[in-house]
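> Residue strings, one per chain:
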Amino acid sequence: TQLLEQSPQFLSIQEGENLTVYCNSSSVFSSLQWYRQEPGEGPVLLVTVVTGGEVKKLKRLTFQFGDARKDSSLHITAAQPGDTGLYLCAGEDSNYQLIWGAGTKLIIKP
Amino acid sequence: DSGVTQTPKHLITATGQRVTLRCSPRSGDLSVYWYQQSLDQGLQFLIQYYNGEERAKGNILERFSAQQFPDLHSELNLSSLELGDSALYFCASSVGRDEQFFGPGTRLTVL
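If you're matching them up, the sequences are chains A and B in order.
Once you know that position 60 of the first sequence is 60 in my numbering, the rest is easy, because the numbers rise by one and skip nothing.
Once you know that position 6 of the second sequence is 6 in my numbering, the rest is easy, because the numbers rise by one and skip nothing.
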């Protein structure tokens, strides 16, 4: 069974600080997606990374796919209260199914 | 607005009862996915349908069943409800292997 482990499970920091969230597996994924979910709403896709070593930037968010396509990270620079939410990673396996991580709950305090 | 609709938004029922959750995917999306999310936890994949056919099964209990109709809307049936079934149930749709678009969810409370 493929597993995606996210860390940390919970993170609470002050506005303006930087942070990194990790998504790790022992399995290879053909692609990996990052979603953000706000309270009371469904997850919304932030980015999809496909190529090993790929780096994508979305304003203050930087996403990286590991060279071996087994892990990924999300780095947020100068976090803002609007970044608060549950961050979920999901990897596409060889059967084209998404394997979901348990999520990182992020709280940015003003 | 993702374009995916789910009804009802809230549902309160008693143990042992049966409920039906409904989902209408985005126009043109053939795949529908159902997820369960318990309080402050990640998504648990339940089942996927593609153009009316079951495509993949996740951690779906035998008390739960789903179907996708010719107009592509889907229903998730939960029976013999237990307290532990209280959760948010999300439906998502996609064109194929691309991004999944999630509905607003149905919050089920079993008393």
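Note that these hints are calculated values from the structure, not bench results.
Predicted model only: the values in this text are computed from it and were never measured.
Don't take each hint at face value.
To be verified - Per the computed footprint, the stretches of chain A lying under chain B, defined by three or more beta-carbons under 8 Å from a beta-carbon of chain B, are:
1) 39-46
2) 87-95
What the hints assert, rightly or not - Here are a few chain A residues that sit away from chain B, every Cβ distance over 12 Å (derived from the structure):
3) Ser-26
4) Gly-66
5) Gly-82
6) Ala-102
For every residue, glycine included, the Cβ atom is placed at its ideal position computed from N, Cα and C.
> What are the numbers of the hints the structure violates, in ascending order?
6
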